[in-house]
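Undergrad: From these two lone chains plus the hints, build me the complex, please.
Just so you know, the protein sequences line up as chains A and B, in that order.
Just so you know, we're using numbering that gives the first Met the number 0 here: the first sequence kicks off at 0 and counts up by one.
Just so you know, we're using numbering that gives the first Met the number 0 here: the second sequence kicks off at 0 and counts up by one.
Any given hint might turn out to be false.
Calculated pairs, SDA-like style, for lysine to any residue (alpha carbon to alpha carbon, straight line, at most 25 Å) [said to hold, decoys possible]:
#1 A:Lys4 to B:Val51
#2 A:Lys4 to B:Thr74
#3 B:Lys126 to A:Trp27
#4 B:Lys126 to A:Lys65
#5 A:Lys4 to B:Ala106
#6 A:Lys65 to A:Phe3
#7 B:Lys126 to A:Asn1
#8 A:Lys4 to B:Leu59
#9 B:Lys109 to B:Gly37
#10 A:Lys4 to B:Ile56
Here are a few chain B residues that sit away from chain A, every Cβ distance over 10 Å (derived from the structure) [said to hold, decoys possible]:
#11 Trp4
#12 Phe15
#13 Ser34
#14 Arg39
#15 Ala46
#16 Phe107
#17 Glu142
#18 Leu179
#19 Leu191
#20 Asp219
None of these hints come from the bench; they were simulated from the model.
These numbers come from a predicted model, not from an experiment.
Heads up, the beta-carbon is just placed ideally off N, CA and C, and yes, glycines get one too.
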Amino acid sequence: MNWFKTILHEIFGLFVDDASFALAILLWLVLVRVLTHLGIPTSWSAIILFAGLALILCESTTRYAKPRAIKK
Amino acid sequence: MDTGWAHISTSVIASFLASLVECVEALTVVLAVGSVRGWRSTLIGSATAIVVLLAIISTLGTALTHIPLRILQLTVGTLLLLFGLRWLRKAILRSAGLIALHDEQAAFAKNTKAMRQLTNNPTAWDKIAFAAAFNITMLEGTEVVFIVIAIGAGHPGMLLPASLGAVAALLVVTALGLILHRPLARVPENTLKFIVGVLLSAFGTFWVGEGMGLPWPAADWSILALIAAYLAIAIALVPICRSRSQSVSSNIRTLRTPQ
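Isolated chain B (complex conformation) (with noise of 0.2 Å):
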């Protein structure tokens, strides 16, 4: 089977718009630091982390090639499945009014606040500064390098276009970050979350297919229905979930109210 067109474009995509959901919040974490403790120590704690992440991502890649392909698209397969499936039912549960929104005005206030009462006069080198960089960029960063690793890792020569989707998604972050200086806000957070959930819910299932040696009737291109189903199946899941909670709603208030 080729690398085809569907496989790389998917493969970019995805990768692109989770990388960007994971930058967008380590973002604001970095700024609310940034601003408070001083600039110098938060970059060097960021660029340290990433530098981690980087040689991560280099060394699984290239032990990732002695594993056998179908043992290593049924392992790949069923992390994204359980990663792109849980993404995909919070994105679902939070259009539906059911799970708060993620506010990232709201993060920035608290984590400025919570960087303020550190007080301490910022030195020159200022510990927790680099700390509190290094940790968010690791803890986001760890999700950016298993989506590109998940995604890049089922099919020979995907890991690539896979990578670059995840760096392009870093510099523009980075380069809104350094024009804007403020969280990005009005990043449709949740529907990226609901397009990269139904992405990563469609290539897991494909993956695992594959890796149980499961022929799919276009080959390829059953990733694209794949995610077709996906996304029909999500998008109507989401007033049946607002509905059947409004009405039982109303029933416990007809419960409660004396007739």
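Extracted from the complex, chain A is given alone in its bound form (with noise of 0.2 Å):
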């Protein structure tokens, strides 16, 4: 069953390898669908849920190219 174990581990890693960029999506997921609950302009939501996602990715790159290269 060591296969199986792999496999799980394998299927955690498809979508987790950089934890903190991984809640921030999470969080944003859950923040839009709180605000868009409260009353956000509808027309304008999904336009928000895809910028805060870029954002996150964004940070998430520019933020690993500086302590890489502190490392070097």
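TA: Pasting the structure below:
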């Protein structure tokens, strides 16, 4: 059953390799869900959802670029 | 909302390219195992894993039809976002030179060496070859199954096009493997991962929006706008990450150099 454990580990690794990045995505999705319930204009909600995800991607990649260089 | 051209074509392309990457990685190991330990047990191992994976797809595909579409879109979209944005992030960092590129030749050499070290003359039925081929096909195949289901489950009638994309990738890689008998080192893996990351992120964002009941400005066509937007952002991030890391490096060098 070792292969089964490996596959489970591999499946988790499909979604998470940087915990803070994955957590930020999940928190943003929850926040958008809550905000839409509170009544943000619905025509903008989908664009706000995308904008937040794009910002998380930008922050995570640029943050990674900095500490990697310091290690050199 | 009808199943439109934007959905079908992007589903097939995303599924094909994502599966292509996974199949290339599996082929490298299967070739290494087969060339050292013999082909019979290796091919039986891979074929068994493919049968198991097909059974999983058909079981899950049937089960998913019983889940309400909104819940399915939200769940699948969230997983797709985690998966797609992770791929895209890594592809950006690889393109910026911050993470090493995946090297199929090196992977082939490493696996060939590992198989040779296991010695004991391979017999007609080689358990090691079977297990190694089964494991790698299951590992990479699980990713393909997830991608197919994630792309196909978010919209009615999309599972078939997504499956066809994956099957086409499997056939292409199998044919190339049979013809060339060596790893597909020239496949631009990171470029593919970059494109697939963009496509899966766009799909994930769209499904999550649909699952939350958010109206997209251009309905189905918003997927193409999301693809363009993610692509533009990802392309812009590559030089930004590269220059950011270089500027920090040069600042450190300046600090270390006696004035």
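Undergrad: Minimum Cβ separation between B:Phe107 and chain A greater than 10 Å?
TA: holds (20 Å)
Undergrad: For B:Leu179, is the shortest CB-to-CB distance to chain A above 10 Å, so the non-interface label stands?
TA: holds (27 Å)
Undergrad: Decide if the proposed pair is consistent with the structure: B:Lys126 and A:Lys65, CA atoms, cutoff 25 Å inclusive.
TA: Violated, at about 47 Å.
Undergrad: Measure nothing beyond the straight line between the CA atoms of B:Lys126 and A:Asn1; if it is 25 Å or shorter, mark the hint as holding.
TA: Distance of about 15 Å is within 25 Å: holds.
Undergrad: Are the Cα atoms of A:Lys4 and B:Ala106 separated by 25 Å or less?
TA: holds (22 Å)
Undergrad: Would you check the hint for A:Lys4 and B:Leu59, treating anything up to 25 Å between C-alpha atoms as holding?
TA: holds (20 Å)
Undergrad: Quickly compare the C-alpha distance for B:Lys109 and B:Gly37 to 25 Å and report which way the hint goes.
TA: holds (17 Å)
Undergrad: Would you assess whether B:Ser34, listed as outside the interface, keeps its beta-carbon beyond 10 Å of every beta-carbon in chain A?
TA: Holds, because the least Cβ-Cβ distance between B:Ser34 and chain A comes to about 22 Å, which exceeds 10 Å.
Undergrad: With 10 Å as the threshold, tell me whether B:Glu142 passes as away from chain A on beta-carbon distances.
TA: violated (6 Å)
Undergrad: Is the nearest Cβ of chain A still more than 10 Å from the Cβ of B:Leu191?
TA: holds (17 Å)
Undergrad: Can the restraint linking A:Lys4 and B:Val51 be considered satisfied, given a maximum Cα separation of 25 Å?
TA: holds (16 Å)
Undergrad: Is the nearest CB of chain A more than 10 Å from the CB of B:Asp219?
TA: B:Asp219 clear of chain A: closest Cβ-Cβ about 13 Å, beyond 10 Å.
Violated hints for the displayed structure, listed by number in ascending order: 3, 4, 6 and 17.
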